[in-house]
Amino acid sequence: MTTQAPVGQSAAAPITRRKMRREGPGSRLWRALVWGTMIFFLVNVALMIATVTMNSFATRWFGTPLPEGFTLHWYAQAWRDFQLADVLWVTVEVVGAVVLLSIALGVPAAYALARAQFPGKKLAMLVFLLPLMVPPVTYGIPMATVLYKVGLGGTLTGVILANLVPSLPFVILVMTPFIEQIDPNLEAAARIFGANTLKYFRHVLLPLLVPGILAAGLLVLVRTIGMFELTFFTAGPDTQTLVVALYYAVFSTGVRAPQSIDAMAMIYMAITLLWVLIALQFVSPTQLVSRVKEAPKGE
Amino acid sequence: MSAAASVSMTPAARADGRGWLVAPALVCLIAMFVYPFAYGLFLSFQPMEGGGVFANYLKFFTEPTLWPTVLITLKLAVPATLINVGASIPAAFALRKSTRASKFVTMLLVVPVTLGTVLIADGMLTYYGPNGWFPQALHALGLYHDEVRLTHNFWGVLISLVISGFPFAFLLILSYVTGIDPTLARAASTLGAGPWQQFRLIYLPLLVPGLTMAACLSFVQAFSVFPSAVLLGVPAGATRVVSIAAYEAAFESYDYSLASCVAIVMGFVQLVIVAGMLGVRRAFYSGPTTGGKG
Chain D
1 MTTQAPVGQS
11 AAAPITRRKM
21 RREGPGSRLW
31 RALVWGTMIF
41 FLVNVALMIA
51 TVTMNSFATR
61 WFGTPLPEGF
71 TLHWYAQAWR
81 DFQLADVLWV
91 TVEVVGAVVL
101 LSIALGVPAA
111 YALARAQFPG
121 KKLAMLVFLL
131 PLMVPPVTYG
141 IPMATVLYKV
151 GLGGTLTGVI
161 LANLVPSLPF
171 VILVMTPFIE
181 QIDPNLEAAA
191 RIFGANTLKY
201 FRHVLLPLLV
211 PGILAAGLLV
221 LVRTIGMFEL
231 TFFTAGPDTQ
241 TLVVALYYAV
251 FSTGVRAPQS
261 IDAMAMIYMA
271 ITLLWVLIAL
281 QFVSPTQLVS
291 RVKEAPKGE
Chain A
300 MSAAASVSMT
310 PAARADGRGW
320 LVAPALVCLI
330 AMFVYPFAYG
340 LFLSFQPMEG
350 GGVFANYLKF
360 FTEPTLWPTV
370 LITLKLAVPA
380 TLINVGASIP
390 AAFALRKSTR
400 ASKFVTMLLV
410 VPVTLGTVLI
420 ADGMLTYYGP
430 NGWFPQALHA
440 LGLYHDEVRL
450 THNFWGVLIS
460 LVISGFPFAF
470 LLILSYVTGI
480 DPTLARAAST
490 LGAGPWQQFR
500 LIYLPLLVPG
510 LTMAACLSFV
520 QAFSVFPSAV
530 LLGVPAGATR
540 VVSIAAYEAA
550 FESYDYSLAS
560 CVAIVMGFVQ
570 LVIVAGMLGV
580 RRAFYSGPTT
590 GGKG
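As you go down the protein sequences, you meet chains D and A in turn. For the first sequence, counting from 1, position 15 maps to 15 in the numbering used here; every step adds exactly one. The number in the numbering used here is simply the position in the second sequence, starting from 1, with 299 added.
There could be a bad hint or two in this list.
Claimed, not checked - Covered, in the sense of this in silico footprint (three residues per stretch, anywhere, with C-beta under 8 angstroms from a C-beta of chain D), are these stretches of chain A:
hint	stretch
1	384-390
2	400-409
3	441-454
4	521-528
5	545-553
Don't read these hints as lab results, they were simulated from the structure. The beta carbon of each residue, even a glycine, is placed where N, CA and C say it ideally should be.
So here's chain A without its partners, still in its complex pose:
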């Protein structure tokens, strides 16, 4: 239907009429994504309670209920990203050959991706809760004797970020790892390179772009943590993340101006960190690859 509508527009464009096929999707996204973002940015400079243009931003960076949320979020998102990407690398190497076992494990890892954070939070509340199987097993095995507290605190949220984030990072990194020609490493091995040297000198430089991408996506995903921070954490204290602050401003105090300001700050912090990671990658990348490519 939309195709027909845009095709009728074709005579208007001389260059390549087929380009107009992009119009319906573009209009939709401009209306639903670009415009709201611009509107939010504009709105954030119009504080509800009056004051100067930057009143919301001043409020954000002075009120103790708002600015520490950025730090709290970083305290969750950075370890979660490091764990997810760090653990994915050896796992992807262990499973990179397409054997039946590796296919099976890969398949199993797809399941947590589909569960969604809400279901993971619900499951964790019972499984890791004070009377759940995990504490019971720890006690039964005599590994830990005190009360096991893994829900309604920082650790609960971090664990949920790993459960939902690791499979995603793993699948991403696995597809990058399998994309590297193994003959390169085999050639190195005939020249006497051990597995660690093969990894460091051949795989790692080639993997850096993929790893950066995976780290960026994992970070962005972890940084916007919301349902698990409410359900598994302490939404008023230790896990009061940025998205909770934004949600409360928008839907509890109906201060859309402040909420937009929080969302903009959130997007800005993400952007800075992602840009930083890409910058580090460039610094890291320049050396080894030019040598390898010749």
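Chain D with its partners taken away, still in its complex shape:
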């Protein structure tokens, strides 16, 4: 690690190397400790995932390092027992609607926040920021109460509306700095040629926004697939998404074979990972978190 100087930082390299020599064993020990802990963590997570994978293919596995044999039987059983076809369809409906709605509502709002000055802007910003600061369990319960009161509890609409609460602010906070980066002169030019906001939006802004919208949409998609609490509080028996169905399966272990549950977990993981890998083509993982959190500070 220490001998490989990165190409771009050749100026820093001699100092680093000299420093290394001076520090001696203490620093090396510290480095080893940090890397060792990180590797220990990652190995354990990897093995944990491997356990689920292995178990989902295992015929019988009890108290031995490896199972006795391998089979695809559990996937078929999970598909049947947990009615995964229905669950997956509900998941697609919920996630699709949440992504489309949060973009349709969020992008115009982000544009207004980035470009327009209007009374109550600070207050609007606060309303958009709060749902990301308050965890889903806290606001999910009053929200579910209201949804059940107006008769939307347990319905698909209710689940979609509930999931919009964290997704919409997320899109707004990702898109606001993105829109701010776009040259405002483009807008002035479009207006000179007589474009109103809608025309400017459709013909100038939207094409420039597509990469940002894609990134935000993919991140909302991944977050919504994994959003457990809100869906759990608002879903009825026919409106469970994959993550909620998985929870019920693990919760009532003993009723179903654990291998079958793990097969379902594998399906869940495969779906999330696929979308995460696609999302990573558009967003760097460190930006993924910091962009959103730093946005309110004007970074």
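Given chain D's structure and the hints, the job is docking chain A onto it.
Just chain A now, kept in the frame of chain D:
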């Protein structure tokens, strides 16, 4: 579609018509977030079983099944936050230079973020369970001879909070660390500052706002722990966290009034702790930075 609807409203506003574009999203969040919260607050003062306005709150703070849940949650959330943020700092420094190895590790750390707490709980039940690979490895290596109990207790929930929370805290802190100009530390190093001095006198003061943010978010995330406390813990005992109490009140005894009260208390405790952290930050921050900025 919504854009068209709000644009047609523009003539109404003289100042800047484009501001109306914010309306659809704002209406949606007011209906789904602000109103429910206000309604919940209102509802919590209308106890289902009658009694005074504060009957729910009295019940919460007197019944032994309710108020200790706050302490139990804090006992989980505080260590989890300290571990996640504490371990993230050295890890972020080790990986801050963008080499191939660090990019790879960063990538690997994104994976646990996406797994979700339910899947982590499911995996942990098998992996750390009495017959899982982890206990088997401990026994095989002769590190521990008794029965290894890491699931269905406090430790199981804490481990799951670290697995799901550490990558999140790490990515957040990494992006703060990489945002600091390394020439500052290099300048200090030419003046003879060792790595510890560089960290303490240069990086740490600049990192404090980021660290506070990361700590607040990690804490809030850990404080609302729910699925893993049920699946990996003892939901009736050692890991009966606040969210379990709120869930049971709302969806098992259908006492939405009490459930709202629990949710409000939960939000209040979070708010107090977050405000406390921000306050500590201010006290801590004032000294070193003014000196550094001049």
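Of the hints given before, which are not true for this structure? Going through the list in order, the structure violates hint 3 alone and respects the others.
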